[in-house]
Structure formats: structure tokens, C-alpha cells
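Chemist: In case you want the letters, here they are:
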Amino acid sequence: MSERVVETKGLVKTFRDFWLRPVAEAVRGVDLSLERGEVFGLLGPNGSGKSTTIKMILGLLRPSAGEVRLFGMPPSDRRARARLGYLPELSYLHPFLTARETVRYYAGLSQMSGKAARARVDELLGIVGLKGNEDRRVGGFSKGMARRVAFAAALVANPELLVLDEPTSGLDPIGTREVKALVRRLASEGMTVLITSHQLFDMQDICSRVSILSHGRVVGGGSVADIVARAPDKRHALEDYFAEVVA
Amino acid sequence: MRRFLALARTAALEALAEPLSAVLFLSALLMVHLAPVFHYHRFGEAARLPRECGLSALLVFGLVFATSAAVRTIGRELSSGTASVALALAVPRAMFHCAKTAGVFFAFLLFAAAAATATILAERTSVLGAHIAAMGGDARIWGPGLASGVGTTLLAFGAAAAANRFLNWRFCSSACLLTAVAQPVALSAAAAMGGFAGESFSSVARTVPAFMLLAGACLVFIAIAAALATRLGQATVAAVLSGAVAVSFLAEPVASACRPAGWAIRALLPVISEFWKADALLGGGVIAAAEVARLLSVAALLMALWLGVGSALLAGRELP
Numbered sequence: 002m003s004e005r006v007v008e009t010k011g012l013v014k015t016f017r018d019f020w021l022r023p024v025a026e027a028v029r030g031v032d033l034s035l036e037r038g039e040v041f042g043l044l045g046p047n048g049s050g051k052s053t054t055i056k057m058i059l060g061l062l063r064p065s066a067g068e069v070r071l072f073g074m075p076p077s078d079r080r081a082r083a084r085l086g087y088l089p090e091l092s093y094l095h096p097f098l099t100a101r102e103t104v105r106y107y108a109g110l111s112q113m114s115g116k117a118a119r120a121r122v123d124e125l126l127g128i129v130g131l132k133g134n135e136d137r138r139v140g141g142f143s144k145g146m147a148r149r150v151a152f153a154a155a156l157v158a159n160p161e162l163l164v165l166d167e168p169t170s171g172l173d174p175i176g177t178r179e180v181k182a183l184v185r186r187l188a189s190e191g192m193t194v195l196i197t198s199h200q201l202f203d204m205q206d207i208c209s210r211v212s213i214l215s216h217g218r219v220v221g222g223g224s225v226a227d228i229v230a231r232a233p234d235k236r237h238a239l240e241d242y243f244a245e246v247v248a
Numbered sequence: 012m013r014r015f016l017a018l019a020r021t022a023a024l025e026a027l028a029e030p031l032s033a034v035l036f037l038s039a040l041l042m043v044h045l046a047p048v049f050h051y052h053r054f055g056e057a058a059r060l061p062r063e064c065g066l067s068a069l070l071v072f073g074l075v076f077a078t079s080a081a082v083r084t085i086g087r088e089l090s091s092g093t094a095s096v097a098l099a100l101a102v103p104r105a106m107f108h109c110a111k112t113a114g115v116f117f118a119f120l121l122f123a124a125a126a127a128t129a130t131i132l133a134e135r136t137s138v139l140g141a142h143i144a145a146m147g148g149d150a151r152i153w154g155p156g157l158a159s160g161v162g163t164t165l166l167a168f169g170a171a172a173a174a175n176r177f178l179n180w181r182f183c184s185s186a187c188l189l190t191a192v193a194q195p196v197a198l199s200a201a202a203a204m205g206g207f208a209g210e211s212f213s214s215v216a217r218t219v220p221a222f223m224l225l226a227g228a229c230l231v232f233i234a235i236a237a238a239l240a241t242r243l244g245q246a247t248v249a250a251v252l253s254g255a256v257a258v259s260f261l262a263e264p265v266a267s268a269c270r271p272a273g274w275a276i277r278a279l280l281p282v283i284s285e286f287w288k289a290d291a292l293l294g295g296g297v298i299a300a301a302e303v304a305r306l307l308s309v310a311a312l313l314m315a316l317w318l319g320v321g322s323a324l325l326a327g328r329e330l331p
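Residue numbers (my numbering), protein chains in the order written: chain Y, 2 to 248; chain C, 12 to 331.
Hints are not guaranteed to be accurate.
As the list claims (entries may be wrong) - Partner residues aside, some chain Y positions facing chain C, computed with beta carbon under 10 Å:
#1 59
#2 82
#3 105
#4 107
#5 110
#6 155
#7 164
Derived by calculation from the structure, the hints in this document are not laboratory data.
Backbone N, C-alpha and C define an ideal beta-carbon position, used for all residues, glycine too.
So that you can see chain Y by itself, here it is in the shape it has in the complex (with noise of 0.2 Å):
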């Protein structure tokens, strides 16, 4: 029996202003259900609460209703948390940093020692392409190059589940195709991966479950082969599906 990496139920996110009147209603029921070593795509036009969605799995944001688990217990507990990394929308990383102490920074974070540590980060900046650029700093680093580096500090741990927020963005065509296939590598060793993207084409390539998200709901989804399966178009069937039911 396959086990449950991240489930969510009736999730819902109600954003406040100072005096807790309510904002804007981000998330309004989600139900999710990620298996281990899928690749599950969590899609949905601008502001449909996909990364609020991903916060309230990392814990980084409490759910107004709804529950969340991560292998089984809570966000908020520390044993799941150790055991997933994570990759943000935006490359928010220290400037003052080289590349290499950047992943040797999170390496910390992770618990990992100096010398498991030290080979674990030249492996990494090797995978993502940045050997010869390992002793400079990322505050000079273009945005993709950049986006490398936040790749090899999201998989320095070796984690079970990979959150990945917008992957390719700021990456060339050749790191787009680097990222699908290190994707498609890391679920074929068992790594289970969530992952949001615009980039419809790409996600039908890597995913092999989708979900599609649109005004907070959860409005479609299923898995990659039956979409593609039902589809005229099987180049652009999760694109088609996607206007179908965001539309």
C-alpha cells in the first residue's frame, strides 16, 4: 500500500487586515492528496492559492479551517519538516554568500556534517550546473544561475518530499530541460515532488498527477496519462484541459 506524503483536508485560508476583518479568501476547501514518489502538479492561474496552498503544507502559514498532514503529522511537528525541502517562488538567498556556502548554509540547517557536508554540497553544484562558479557570489549571479543555486540548497538534505514553487522560472530552455529531467531522476529514485508552474507544457512532460486550482478551489485535476489519454491534442492536452476547466 502506497503512503501518504502530504494530505490536506478542507483547507482554507482567510487573509485579515490589522482588525482580523477578512481580506481575501486565498484558499477555500482544498483537498489534496500526494502518494510517495509522485510527481503531483499543483496548477492554477495567478492568484488562485497555489502558494498559499504550498505555505500552509510547510507550515509557514496556519489554515483558517481545514488540516493539513505531512507524513502524517502536523506542519507545525519538526520530524516532518526535516524530512522535505524546499524550493520558493523567488531565489531568496544571502548576497554576501558564494555558491558554495550558500548549500553548505542549509547543509547546516539540515544537521549535516563537515565532511558528508562538504561532498554532498560539490556533488549538488555539480548536478545544477555551476561547477567553476562555486566561490562566487551569488549577489553577482544572474536570476537563473541564482535559481540553480536555491535548486542544489532545496535537495542538500536529500529530502522525501521536494516543494517546488515555479522551478524554471529565470532558467533558459537548456536549464528547463536539466530541471525536468533531475525531477524525473529524483521521482524515479523515489522522492516524492509537488511542484507549481505556468509552464503547462513542461508539467505535462514531469508530472504524473495534476491538480488545477482556480479562485481558492480545486476545480480539476487527475492523472497526467488520462488527460493526454482523452485529449485530441495529446501535445497540448494538459494546456487544452486547463483553459477547459479554469474557463
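Position chain C relative to chain Y; hints supplied.
Modeler: Just chain C, lined up with the frame of chain Y:
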């Protein structure tokens, strides 16, 4: 512990890597080293002006440097999202807050140690200058003290520039570190040139407790800035902190007018007039060890209080 060290090290580096930090280190230390040059009034004692100049530099430059670093490393990281990545991992929020604040404490204590060492040298330069003048000499400045103090400080900046050019070191953080390291070198050089002849080490070390006390009070203000930065913007923290410093200066008059208000201030803030012990050193006086221990205990309790407040505020904060 590894997480704590990773967070604290990065916070200390961030505090020192800002251009403002290098400017404040250089300005404060040069001001202290140059104090004997502007020695037209002795205020009853040759060493008084440089000593009070050093303590003022610690209070003003040190507070500006460290509180802005605390607000940056906590407030800016929370608002920009850098903190979200660390907090999404298994880093407890209380540990994040305390480790970041500890990193800023380290950077501030480096500044305080450099300022104290520079002050000891400036005091000796001033005393020897007065001695030369009293002996009928023309010079009112003891040249070797001034040259070693100013020279090593400027050389440290030069060395940081060279290290940046040839070894790719970060300029600002290495300038701060090398400047701090340069102060004991300058003091040793001055001692080797006879700057401490006839002066026992205990009288030189009288200055250190005064710096320790004032640094203790400053650490409380840094902890307050860090706690406020978990919820408020940079400008608001600066305004509230300025108010807190002003209130701590006015604690005694307030307490004499309204005793409960005085108690409230003492329960939350260090009373600057108690931590500023320059007067106790006049005429060869010393600060009693028991008084130093008492005031440092008060500062430690207030620091713990504000670290707890900051941790609680961060624990309750959402990170959108």
C-alpha cells in the same frame, strides 16, 4: 547546535558585510585614536576625554551598527522570504531568532572589544602627551601612540582592500575584522615603544569594566531591536528603539516624579545612567567588581526577556 552555529555565523557575517558597518568601524576607531589631538580641555584628567569619547563611540556608533544589523538580518529576511526557506525546514523559530541575534551580538562585541582597546591606547597617548607638556616639551601629542593607532587602523583597511583584490575576500567584513585585530597590535606596538612605562596593567584594565557595562546595556537594546523586527518594519523599529533609548536616559527623573513608571522602565530597559560608569574612574577610581556583576546580571536578565519576547512574536507570525 550545528543549526544554531550556521544561523549565527551567517548573521554575524551579514552584520559585518554591509558597507555601513565598515564605515562605522573606521569612523569610530579613528575618532577614538584622534581624540588626544583635540585635547584642549582636560576636564580635570588627561585620560578623561579619550575615555568618554571611546564610551560615546561604543554607545552611538555601536548601537547604530548593531541595531541596524539586527533589523536587517531578522526583519529583512522575514519580509524578503529568505527566512521562509530556513523556517520551512526543521529549524525551530525560537532557535532561528536567538541564533540570528547571537550572530549580531558577536559582531557588536567585536566592535566593543576594538573600541575598548583603541580607548586604552588613546588614554595612554593623552596621558603621555600631558606629561610631555608638563615637562616643558612643546609636543602635546605622544606621536608613537597616535601613529600606531591611526596607522594600524588605516593599514587594516588597506590590507582588506588587498585581500579583496588578490584573494577575493569580502571587503567590508574583512575590513571590520582586520580593523578589530589591528587594535591589540597597535596597543602592543605602543607598549613596546614605552607607552606603558610606569603604568601598572591594573590601572589600564580599569577601563575594561566600564566598556563591559555599557556593552551589556547595548546588547539589551540590540535584543529589543531584534524582537521588534520580527513584527515591525525597519523605520518603525528605528523610531521605537530611539524612543526606548531616550526613555532609558530619562529613567531617573521619571522615577523621581512617578515611582511606578520608574519600576516599569527598569523592568524593561537598562537605565543608561547606571551603566555609564565613566565618573567612577575619575582620579584613579575603579568600578567595584560586585557592581559590575550586579549590572551585568540585570543586563543578562533583560536580554533573556527580550529574546523570549522576540521568539514568541516570531512563533506567532505567519510568513506569506
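Chemist: What hint numbers does the structure not satisfy?
Modeler: none
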